[in-house]
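Following the hints, put chain B in place on chain A, whose structure we already have.
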Amino acid sequence: AQKITQTQPGMFVQEKEAVTLDCTYDTSDQSYGLFWYKQPSSGEMIFLIYQGSYDEQNATEGRYSLNFQKARKSANLVISASQLGDSAMYFCAMRANTGANSKLTFGKGITLSVRP
Amino acid sequence: ETGVTQTPRHLVMGMTNKKSLKCEQHLGHNAMYWYKQSAKKPLELMFVYSLEERVENNSVPSRFSPECPNSSHLFLHLHTLQPEDSALYLCASSQLGVQEQYFGPGTRLTVT
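Each protein sequence line maps, in turn, to chains A and B.
Oh and the first sequence: position 81 is 81 in my numbering, straight run, nothing missing.
Count along the second sequence starting at 1, add 1000, and that's the number in my numbering.
In isolation and in its complexed conformation, chain B is listed as follows:
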């Protein structure tokens, strides 16, 4: 595997379900990010992990819970979501001090 991978690629869940999104980067980076992309809206940064510590939480509801067990893995735990949470969730990674971020293919989430 190379680059940034995300699983699952598609997820349909009910509002009472609990699920997790997984992201893995194979680039040796030390920062990871979760973004939300809703239809017709700019990408919204949700969380930033730098050296495995959460350094940013952009007023994200508590029904989204991130976890970064090591520098290569990032999870987004989901519970009691709302239909408006349906979106493409993108993970990215970067090396601190280097400009560009590299993105995974995203998880298309539908909440029913």
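Same shape as in the complex, but just chain A:
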């Protein structure tokens, strides 16, 4: 079974500063993928970034980067140069790379508020 843990309370960051959102995971699979999604108040889940378990380098997508530490089973999201529009819920998720179906397991999410 897979499990995603996001335990941070609501996070606050000053505009233009960087923020790290924590995610730890548990799985017995050898091959898996890790994802971060953003959910603004409108409800839509927006895909941000993906990290494969065998990727040697940390994934980056614009202002988003994923700090992947496989031995510690952590996949923290780093948002650089925060913007007011980054205020949202952020969900960490994982998927085992077995079978043809992309079943995602989500964490409970973290609320990020960006202050002007």
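Derived by calculation from the structure, the hints in this document are not laboratory data.
It is possible that part of the hints are untrue.
Derived contacts from chain A toward chain B, CB cut-off under 7 Å, selection only [claimed, not checked]:
1. 40
2. 44
3. 45
4. 50
5. 106
6. 107
7. 108
Simulated crosslink set (SDA-like; lysine to any residue; CA at most 20 Å straight-line) [said to hold, decoys possible]:
8. 1040/B with 70/A
9. 73/A with 31/A
10. 103/A with 1099/B
11. 1036/B with 1087/B
12. 1041/B with 89/A
13. 1041/B with 46/A
14. 1036/B with 40/A
15. 3/A with 1095/B
16. 3/A with 50/A
17. 108/A with 1075/B
18. 1022/B with 1046/B
19. 1036/B with 1011/B
20. 103/A with 1011/B
21. 1040/B with 87/A
22. 1040/B with 24/A
23. 108/A with 43/A
24. 3/A with 54/A
25. 1041/B with 1087/B
26. 3/A with 1011/B
27. 103/A with 24/A
28. 1022/B with 1040/B
29. 1019/B with 1062/B
30. 103/A with 1102/B
31. 103/A with 1075/B
32. 1022/B with 1011/B
33. 1036/B with 46/A
34. 70/A with 7/A
35. 108/A with 24/A
The beta carbon of each residue, even a glycine, is placed where N, CA and C say it ideally should be.
Using the frame of chain A, we list chain B on its own:
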């Protein structure tokens, strides 16, 4: 229309009503999903359709009935729901073999 669309965006229904949620993806994907998001709980996968066949049903009560008439459309038929079924219902799609799923804006369902 682009991406994944869902209608209606908001729905209020009584426990004896029958309604349907609709999802449409314009991305050429071949897998579609229904998720339930309740307050203060992680997203729960409900159903998975792969190449228009249901491949997963996560112990969802029979009062929820999915339908996938083609690779672009997915429905969730609702009947005799309970107040605890009130939640945000999210549809997603993906291309088999590609990692990420793309979500629609969701339907906010309230059962009275």
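Cross-check of the supplied hints:
1. 40: violated, 10 Å
2. 44: Given a least distance of 4 Å, the restraint on residue 44/A holds.
3. 45: Holds, about 4 Å.
4. 50: With a closest approach of 5 Å, the residue 50/A hint holds.
5. 106: holds, 4 Å
6. 107: holds, 6 Å
7. 108: holds, 5 Å
8. 1040/B with 70/A: Not satisfied, since the Cα-Cα distance of roughly 28 Å exceeds 20 Å.
9. 73/A with 31/A: Answer holds: residue 73/A to residue 31/A is near 13 Å, not above 20 Å.
10. 103/A with 1099/B: Given pair residue 103/A, residue 1099/B holds - Cα atoms ~10 Å apart, limit 20 Å.
11. 1036/B with 1087/B: holds, 7 Å
12. 1041/B with 89/A: holds, 13 Å
13. 1041/B with 46/A: Within the cut-off at roughly 18 Å; holds.
14. 1036/B with 40/A: Holds: residue 1036/B and residue 40/A sit about 17 Å apart, inside 20 Å.
15. 3/A with 1095/B: violated, 24 Å
16. 3/A with 50/A: With Cα atoms ~17 Å apart, residue 3/A and residue 50/A stay inside 20 Å; holds.
17. 108/A with 1075/B: violated, 26 Å
18. 1022/B with 1046/B: Holds - the C-alpha atoms of residue 1046/B and residue 1022/B are around 15 Å apart, at most 20 Å.
19. 1036/B with 1011/B: holds, 14 Å
20. 103/A with 1011/B: violated, 27 Å
21. 1040/B with 87/A: holds, 18 Å
22. 1040/B with 24/A: The given pair, whose Cα atoms are some 18 Å apart, holds under the 20 Å limit.
23. 108/A with 43/A: With a Cα-Cα distance of about 15 Å, the restraint between residue 108/A and residue 43/A holds, given a limit of 20 Å.
24. 3/A with 54/A: Holds, at about 19 Å.
25. 1041/B with 1087/B: At roughly 10 Å apart (the allowed maximum being 20 Å), residue 1087/B and residue 1041/B satisfy the hint.
26. 3/A with 1011/B: violated, 31 Å
27. 103/A with 24/A: holds, 18 Å
28. 1022/B with 1040/B: Violated - the C-alpha atoms of residue 1040/B and residue 1022/B are around 25 Å apart, more than 20 Å.
29. 1019/B with 1062/B: Roughly 14 Å between the alpha carbons, so the hint for residue 1019/B and residue 1062/B holds.
30. 103/A with 1102/B: holds, 13 Å
31. 103/A with 1075/B: Within the cut-off at roughly 19 Å; holds.
32. 1022/B with 1011/B: holds, 12 Å
33. 1036/B with 46/A: With Cα atoms ~16 Å apart, residue 1036/B and residue 46/A stay inside 20 Å; holds.
34. 70/A with 7/A: Holds - the C-alpha atoms of residue 7/A and residue 70/A are around 19 Å apart, at most 20 Å.
35. 108/A with 24/A: holds, 12 Å
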